[in-house]
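These are the residues of each chain, in order.
There are 2 protein chains.
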Amino acid sequence: MKQASLVIIGDEILSGRTEDKNLAYLARWLVKLGISLSEVRVVLDDEDAIISAVNSLRKKYDYVFTTGGIGPTHDDITTECIAKVFGVEAKIDDGALEKMESYFEGKELTEPLLKMLRIPEGGELIYSPVTKAPGYKIDNVFVMAGIPKIMQGMLEGMYDYLESGDVVNSRSHEILVGESFFAEELANIQHQFSNVSVGSYPFSRDGVYGATIVLRSSNDSALDSCEKLVLNLINKF
Amino acid sequence: MKQASLVIIGDEILSGRTEDKNLAYLARWLVKLGISLSEVRVVLDDEDAIISAVNSLRKKYDYVFTTGGIGPTHDDITTECIAKVFGVEAKIDDGALEKMESYFEGKELTEPLLKMLRIPEGGELIYSPVTKAPGYKIDNVFVMAGIPKIMQGMLEGMYDYLESGDVVNSRSHEILVGESFFAEELANIQHQFSNVSVGSYPFSRDGVYGATIVLRSSNDSALDSCEKLVLNLINKF
Numbered sequence: 013m014k015q016a017s018l019v020i021i022g023d024e025i026l027s028g029r030t031e032d033k034n035l036a037y038l039a040r041w042l043v044k045l046g047i048s049l050s051e052v053r054v055v056l057d058d059e060d061a062i063i064s065a066v067n068s069l070r071k072k073y074d075y076v077f078t079t080g081g082i083g084p085t086h087d088d089i090t091t092e093c094i095a096k097v098f099g100v101e102a103k104i105d106d107g108a109l110e111k112m113e114s115y116f117e118g119k120e121l122t123e124p125l126l127k128m129l130r131i132p133e134g135g136e137l138i139y140s141p142v143t144k145a146p147g148y149k150i151d152n153v154f155v156m157a158g159i160p161k162i163m164q165g166m167l168e169g170m171y172d173y174l175e176s177g178d179v180v181n182s183r184s185h186e187i188l189v190g191e192s193f194f195a196e197e198l199a200n201i202q203h204q205f206s207n208v209s210v211g212s213y214p215f216s217r218d219g220v221y222g223a224t225i226v227l228r229s230s231n232d233s234a235l236d237s238c239e240k241l242v243l244n245l246i247n248k249f
Numbered sequence: 013m014k015q016a017s018l019v020i021i022g023d024e025i026l027s028g029r030t031e032d033k034n035l036a037y038l039a040r041w042l043v044k045l046g047i048s049l050s051e052v053r054v055v056l057d058d059e060d061a062i063i064s065a066v067n068s069l070r071k072k073y074d075y076v077f078t079t080g081g082i083g084p085t086h087d088d089i090t091t092e093c094i095a096k097v098f099g100v101e102a103k104i105d106d107g108a109l110e111k112m113e114s115y116f117e118g119k120e121l122t123e124p125l126l127k128m129l130r131i132p133e134g135g136e137l138i139y140s141p142v143t144k145a146p147g148y149k150i151d152n153v154f155v156m157a158g159i160p161k162i163m164q165g166m167l168e169g170m171y172d173y174l175e176s177g178d179v180v181n182s183r184s185h186e187i188l189v190g191e192s193f194f195a196e197e198l199a200n201i202q203h204q205f206s207n208v209s210v211g212s213y214p215f216s217r218d219g220v221y222g223a224t225i226v227l228r229s230s231n232d233s234a235l236d237s238c239e240k241l242v243l244n245l246i247n248k249f
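Protein chains in written order, with the numbering used here: chain A, 13 to 249; chain B, 13 to 249.
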């Protein structure tokens, strides 16, 4: 199974001003392709932080996605950083320039607009239907915008570059009792199925403790058998 | 200014099943104390991943917070990992045991309940008002539950261990035009104020592009002067 990682770039996430929506979206999108999202890092708009996160993850995982920092303002520094990661220059891409010029019907493009058309050499452009400024893929790194709608559009353009795996299906069931009451039996169920991942995700709702038990596997018959045992367990309470 | 980091532990976040709420909460809580949240990592319920994230962040930052993985089920492995990080044993804490026994009025505690009372040697217990199972602090690492309400309660108990800094204030203003139209002028404003951080966070709302310009500084008079220039810029559009 291919493993992916994500670098979320932006001071606004780390100050709590903006709640990130891209992690959960990317995670669910990858699950459907049978690719596992294995690690996420959130870093400041800081050159060293971005370069170090991308470098460490691109060696460790099959794919690295990044979100944020490819806009026109001074705090958008992702592309410079990615260029440094690969030891190349970021240059205005001719195809991207043509597209933007035709959109602005020949008006002269300002420096901030041109900035968004700089792509690290060797990068392949990936457009979102909702913007004329592209994201790109370079080696195993996929660079996307931070605005969720734009990011989601770019992601569709990245589909062809990714190798899908066996799709992992899941079954979820709620149990309305604290985890400590069923933890031992659930551990026994996990021990019986090495090819099913059995997770327990506790919640409290209106003062009632409970948990969602989630089973995940690419083997449907194992999933069925495991689910039966979990339903028996739930029915005891 | 003290720098903090966060390790979010849990398969459910990386599968997209659960949307994390703790990052934004912690970020805003730290801002009020004048502590910067500088990096976040989200990792699987996997021993190597947890140990490596905590080890790398505790050397790099003043404080490391963790959320998740301290419950009673088999997939809760945070405490074992933290014990390994510090090369100590995790043992049932006498004070925590007493508290739990009195809550259950002398009934025998099951193994899953006891598991939650194991604390790495040297750890100091930190309770949340909403649970009898504690979080803890060991060295510069603060271990909290993943359920937001419990996490928030434990965080209050960690207040006394943290060194506050100068509080960073912020001013936010929306500008209803695409970033490329004001990026150069905004960069000029940033250049004039080395002690103010000027950020631009683009959005699209009902098809209209705009951005929130956020100014942050611990120097209020610099913030005032910088804000005036930003308001002038906004009024041009």
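Think of the hints as simulated: they come from the structure by calculation, not from any bench. All figures in this text were calculated on a predicted structure; none of them were measured in a lab. Any given hint could turn out to be false.
Just so you know, same-sequence chains aren't split out, so a pair can sit in one copy or run between any two.
[Unchecked claim] No farther apart than 27 Å at their CA atoms in a straight line, the calculated lysine-lysine pairs in the DSSO-like style are these:
#	residue 1	residue 2
1	K240	K111
2	K119	K248
3	K248	K144
4	K111	K161
5	K144	K72
6	K96	K72
7	K144	K96
These are the hints, each one checked on the structure:
no., hint, result
1, K240 with K111, "neither (56 Å within a copy, 37 Å between copies)"
2, K119 with K248, "between (71 Å within a copy, 21 Å between copies)"
3, K248 with K144, "between (57 Å within a copy, 25 Å between copies)"
4, K111 with K161, "within (20 Å within a copy, 49 Å between copies)"
5, K144 with K72, "neither (32 Å within a copy, 39 Å between copies)"
6, K96 with K72, "both (19 Å within a copy, 22 Å between copies)"
7, K144 with K96, "within (24 Å within a copy, 50 Å between copies)"
In the structure shown, a violation is registered for the earlier hints numbered 1, 5, in ascending order.
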